[in-house]
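Chemist: Make a model of the complete structure from these sequences and hints.
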Amino acid sequence: MTNTEIPEISDDIKAKCLIRTVDDDPAMREALEFMLTAEGWRVKTYENGRSFLTDDTPSTPGCAILDVRMPGMSGLELQQEMNVRGYALPIIFLTGNGDIDMAVGAMRDGAVDFVQKPVRQERLLTAIARAVTRSVSETGAVETEGAIRAKVQELTEREREIAELIGKKLTNRQISERTGITVRTVEVHRAAIIRKLGVRTPDDIERYLNA
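Residue numbers for the sequence shown follow our numbering, so the first one is 3 and each next one is one higher.
Honestly, the hints are just simulated from the structure, not real lab data.
Ideal Cβ placement from N, Cα and C applies to all residues, glycine included.
Keep in mind that the hints are not guaranteed to be accurate.
[Claimed, not checked] Subject to a maximum C-alpha distance of 27 Å in a straight line, what follows is the list of computed DSSO-like cross-link-like pairs (lysine-lysine): (1) Lys119 with Lys153; (2) Lys46 with Lys170; (3) Lys198 with Lys170; (4) Lys171 with Lys153; (5) Lys171 with Lys16; (6) Lys198 with Lys171; (7) Lys46 with Lys198; (8) Lys18 with Lys171; (9) Lys46 with Lys171; (10) Lys153 with Lys170.
[Said to hold, decoys possible] Okay, the calculated beta carbon distance ranges per label pair: (11) Arg160 with Glu32: 42 to 50 Å; (12) Thr39 with Glu83: 22 to 30 Å; (13) Thr203 with Gly74: 35 to 43 Å; (14) Glu140 with Thr187: 37 to 45 Å; (15) Lys119 with Glu163: 45 to 53 Å; (16) Glu10 with Met109: 19 to 27 Å; (17) Ala213 with Gly74: 44 to 52 Å; (18) Thr187 with Lys119: 45 to 53 Å; (19) Gln118 with Glu10: 19 to 27 Å; (20) Gly200 with Ser76: 35 to 43 Å; (21) Arg71 with Ser12: 32 to 40 Å; (22) Arg132 with Asn212: 25 to 33 Å; (23) Ser139 with Ala29: 27 to 35 Å.
Modeler: Shown next, in the form of C-alpha cells:
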C-alpha cells in the first residue's frame, strides 16, 4: 500500500479530533505519538486503560488505538468497559501474531479495525482515516456549509482578498507584490485568516471560500 492510497483528512477535521493511544509499552507510545503528530494529528497517550477512562473526554471525536495485551486491564476488557459506559469512540486494536482470534471477536464487539505489529505506517494511517471519518459522521463534528459561510463572513475585505490568493497557493511575497502591502502585513493577515476560519492549508482555505 502506498501513501497515495491513504484517505485524505482535512486539517480542520484533524484539529477537531483526538487520537488516543493506550499501550503499556512506553517505546510504542512514543513511536505512535511521533508518527501521528508528524501527520498533523492531535495525540494523547495512556499507559493503561484505567488512566484512559479517568482522563478521556468521550465527546471529543477521533478514535482510540488499543493494544490487545496489557497487564491489568487488557485492550479487550477496556473495549467492554467503553461499551458499558456508552462510548461511541471507534477503536483500532494493535495485535500480535497470536491475537487474530481475539481481534476478530473485538471486531464483532464494534472495533473498526485491527493492525498487526510491527505496525506499518500506511496501514495504521488508513485505519485511522476510516475510524475518524466514522467518528465525525456520528458526532456531527463536520461543519455545515452554513457554519463555514458564517466564518468566512467574519473576514475583512482585505482578509478575504488575501485568503483568495492563499487559496491560489501564492507565497507571502507574491501576495505582497500583488496587493502592494508588506510581507509582514501579509503574515499578520494570514494569521488572522487561519484563526478566524480554523483551517491552515491553501486547499482548505479555498474550500471554505467556495462553500
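Chemist: Is Lys198 within 27 Å of Lys170, Cα to Cα?
Modeler: holds (19 Å)
Chemist: Please work out if Lys171 and Lys16 have their alpha carbons no farther apart than 27 Å.
Modeler: holds (21 Å)
Chemist: Is the straight-line distance between the alpha-carbon of Lys171 and that of Lys153 27 Å or less?
Modeler: Status holds; Cα separation ~21 Å.
Chemist: Do Ala213 and Gly74 keep their Cβ atoms within the hinted range of 44 to 52 Å?
Modeler: holds (47 Å)
Chemist: That 25 to 33 Å hint for Arg132 and Asn212 (C-beta), does it hold up?
Modeler: holds (27 Å)
Chemist: Checking one constraint from the list: CA of Lys153 to CA of Lys170, max 27 Å. Satisfied?
Modeler: holds (19 Å)
Chemist: Taken at face value, is the distance from the CA of Lys171 to the CA of Lys18 at most 27 Å?
Modeler: It holds: about 24 Å lies between the C-alpha atoms, which stays within 27 Å.
Chemist: Just to be careful, I want the Cα atoms of Lys46 and Lys171 compared with a cutoff of 27 Å; is the pair within it?
Modeler: This hinted pair is violated, its Cα atoms lying about 32 Å apart.
Chemist: Kindly confirm whether 22 to 30 Å is satisfied by the beta carbon distance between Thr39 and Glu83.
Modeler: Hint holds: Cβ distance 27 Å, inside 22 to 30 Å.
Chemist: Compare the distance between the alpha carbons of Lys46 and Lys198 with 27 Å, and conclude whether the hinted pair is satisfied.
Modeler: holds (26 Å)
Chemist: Please test the hint of 42 to 50 Å on the beta carbon pair from Arg160 and Glu32.
Modeler: holds (44 Å)
Chemist: If you draw a straight line from the CA of Lys119 to the CA of Lys153, is it 27 Å or shorter?
Modeler: violated (43 Å)
In terms of the numbered hints stated before, the structure departs from hints 1, 2, 9, listed from lowest to highest.
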